[in-house]
Amino acid sequence: MTTTLKSVDAVLVGFGWTGAIMGQQLCDAGLHVVALERGPWRDTATDFATGFAQDELRYMWRHHLFQNVSDDTLTIRNNVNQEALPMRHLGSFLLGTGVGSGGVHWNGQIWRFLPTDFLTKSHNQQRYGKKAVSDYDLTVQDWGVTYEELEPYYDQFDKVCGTSGKAGNLKGEIQPGGNPFEGARANEYPTPPMPQTLGPTLFGKAAAELGRHPFPHPTGNLSEAYVNPLGAQLGACTYCGFCEKFGCGNYSKASPQTTILPYLMQKSNFTLKTECEVLRVELTPDRKRATGVTYVNSAGEEFFQPADMVILSAYVLQNVRLLLLSGIGKPYDPKTGEGVVGKNYAYQTMSSVNVFFDDKILNPFIGAGALATVIDDFNGDNFDHSGLGFIGGAYIAGMVTGGRPIEMIYTPQGTPAWGLEWKHAAAKNYLRSFSLSVHGSCMSARGNYLDLDPTYRDIHGRPMLRMTFDFTGNDHKMSDYLTDRAAEVAKAMNPREIKLNRRTGSWSVVPYQTTHNTGGAIMGDNPKNSVVNKYLQTWDVPNVFSMGAGAFPQNAGYNPTGTLAALAYLSADAIKSRYLKAPGPLVRA
Amino acid sequence: MSEKNLDRRHFLIGTIAAGVAGVSAGPVHDGELGAPPQTFRGAVPWQEGTADAPPEASGSGYVYFTPAEAAFIEAAVGRLIPNDPVGPGGVEANVPFFLDRQLAGPFGRGDHYYLGGPWPRGTPEQGYQSRYNPAQLYRAAIAAIDKYAGANLGAPTFAALAAADQDKALKGLESGEIALDGGVDAKSFFAMLLQNTKEGYFSDPIYGGNKDMGAWKMIGFPGAHYDYKEWVSRHGEPVPYPTVGLRGRPGWRKA
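Chains as they are written, first to last, in our numbering: chain A, 1 to 589; chain B, 1 to 255.
Hints in this document: simulated from the structure, not taken from any laboratory.
Certain hints may be false.
Said to hold, decoys possible - Here are the simulated DSS-like pairs of lysine-lysine, each with C-alpha atoms no more than 25 Å apart in a straight line:
| # | chain 1 | residue 1 | chain 2 | residue 2 |
| --- | --- | --- | --- | --- |
| 1 | B | LYS229 | A | LYS205 |
| 2 | B | LYS217 | A | LYS166 |
| 3 | B | LYS229 | A | LYS159 |
| 4 | B | LYS217 | A | LYS428 |
| 5 | B | LYS147 | A | LYS428 |
| 6 | A | LYS499 | B | LYS171 |
| 7 | A | LYS121 | A | LYS528 |
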């Protein structure tokens with residue numbers, strides 16, 4: 001039996017970063033908004049207080065803040081010739097759940113994509129020829145939105161987070177100490193960059209000696225206390241080294257909890273319901289309009305929530321699955337290349353270089369989610385790719401997110417994984433080693449996509465999402481080239497030895513890589529090549545909007561949160577200024 | 001919990017310290033599946049006394065492992081992390097006790113594993129593909145390894161082998177060269193055993209391993225501190241903070 005509730009102006013499906021942003025924006029415009037979150041309420045003092053936040057076993061390895069896959073997971077395979085099997089345990093990516101979701105346990109690495117990243121197809125084709133964007137069955141596209149259009153919204157997110165950093169390009173003027181390759185920024189960062197520990201400092205010196213352009217990583221782990229435009233207060237980071245995979249006990253990491261919820265939760269036109277999982281978006285018989293969503297709560301009660309607008313603000317993988325389950329948009333078929341929902345799933349191509357010293361104590365436990373010195377010389381199209389055989393790139397970061405000993409003990413090449421030799425290597429190297437992270441792009445390709453699994457079902461009887469993905473030759477070439485560039489910097493740090501951890505073989509679900517899943521509900525300039533327009537409005541059902549990194553047509557060599565937040569603000573602006581006055585398509589098909 | 005000199009961390013986790021056999025009583029605040037649905041409007045919700053404190057291991061002796069399983073675990077953990085003057089071995093750090101409490105609790109039950117069928121074997125890239133939860137896997141694997149030792153290595157059990165032969169057998173499991181009965185994938189089990197052993201060695205002592213924070217002291221990790229601000233710019237200096245866990249450290253309490 002389904003209970004029909006009172007209609008609202010907008011329903012948010014999922015309550016992480018994009019849900020909080022859209023909730024605040026739409027409530028400020030006077031709309032009545034209900035947010036449905038399938039996980040629990042979470043706040044700093046109750047759920048990750050400093051008295052027990054620094055617990056590697058519970059949060060990282062026992063997944064206490066992550067989605068519990070026991071009653072709902074997805075199936076995975078590397079290519080269409082394999083049988084997809086369930087991801088039975090989290091590994092490669094750590095899905096969020098609960099209020100704040102991944103915004104609670106992220107590192108706080110806040111990036112903007114490069115202006116050319118939004119023109120992946122046209123820019124690379126013009127500079128390197130047609131083969132560059134079609135080899136390896138690449139299916140890269142332009143975004144249909146430009147950096148210049150997004151800049152004010154990047155700026156808005158920086159101000160909400162209080163991002164700490166140093167501008168490298170202010171209104172077209174290159175600034176010393178910042179990233180000279182970034183797109184022009186209207187404003188300096190809200191707070192100054194974090195001071196750097198020894199490892200990132202040595203990295204920066206070595207990189208500069210090689211003629212690179214090091215700068216401090218832009219971060220949502222704040223360098224000083226800050227009050228954002230919504231009146232939320234953040235404290236200065238204390239460098240405890242428990243950001244990534246953990247909640248911040250110190251109100252120092254930008255998250256929905258620390259930046260938006262103190263404001264939004266007090267609004268009388270906003271309602272949050274937790275432990276409520278949306279099963280599908282309901283459509284009118286002609287499938288041109290959504291009437292609301294059906295959800296079930298943890299008590300097993302089913303409800304229909306009518307709404308004028310449905311905002312899919314869950315994680316990429318859930319948004320795409322809800323589109324497929326609800327019959328919004330034509331599913332992608334890798335055989336014909338037709339259809340759009342599920343198309344261009346992409347990821348992040350990661351590798352690293354470990355550096356070992358004899359004579360220096362690096363104190364790796366003094367860390368923060370984005371405590372790093374970075375070079376961007378080999379990201380995007382910041383360098384000439386002629387003759388290299390790939391497009392895209394990576395930032396290279398001398399980074400110390402922490403020194404959590406189960407996860408983060410580096411041992412030299414050839415060290416066994418156990419036994420006395422391993423123990424001695426751990427004891428000798430823990431304080432004296434360091435890691436360079438190579439954070440690479442992932443270009444979308446014809447065979448990489450998301451659809452519904454034919455075999456496995458979740459606890460509600462719905463088909464699980466099926467992920468078909470492997471890194472392409474483009475990604476492998478890029479990653480090898482970039483890992484070599486990182487090794488040059490590592491050697492210039494004059495260590496005893498280094499170890500290269502290259503990106504080899506097929507994508508595996510086992511080792512943690514990043515929770516930067518992208519695509520599947522991609523944006524574009526027409527309904528033939530995309531699911532949503534540049535305002536994240538679905539082409540087929542104009543009162544359904546799909547937020548998040550699912551909109552990325554391919555993934556750039558940066559962390560996705562800054563860009564997906566900027567896209568949400570752009571979408572909210574268009575809804576407020578245009579859609580509410582005349583509900584309907586914001587872009588003519 | 002009658003001491004008057006409770007430290008702050010101890011206070012925060014104190015309420016769940018009475019868990020039975022290391023498995024905590026149901027928490028007031030469930031950060032995971034199955035909390036009741038709630039509706040929030042007009043305020044940031046707050047309820048005192050609901051801190052989501054960690055589930056501490058308690059008691060002594062084994063509650064999950066049988067004596068035969070305990071013999072295997074103590075032997076294997078002693079080879080994965082041997083004892084010597086550089087730092088504690090896995091057994092000396094109480095890793096077997098940690099493993100027992102983990103397998104007796106939510107981890108052992110596979111609370112965060114999807115275990116539904118069907119169960120084809122899969123590729124290495126598809127990761128864990130067993131119907132067994134971790135506790136069942138340990139049980140089946142230990143029996144299968146002892147059986148293998150009896151049939152092929154000339155000893156009644158793995159634990160009865162000489163140390164060098166134990167190492168050889170562990171390497172065979174690690175590489176998958178040894179095939180096991182009982183529907184057990186040797187590589188999968190070895191990977192889980194090694195991971196769990198390192199977890200017991202390096203996790204906070206509240207979970208029963210890392211005795212006296214010996215593994216942290218060995219590598220120089222100061223533990224659960226949350227403020228290093230003044231050390232960020234003091235490059236290359238050893239941080240002199242004494243090692244501390246979530247429950248504090250001995251020096252926090254009066255003698």
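Enumerated hints in conflict with the structure, sorted upward: Per hint list: 2 and 5 violated.
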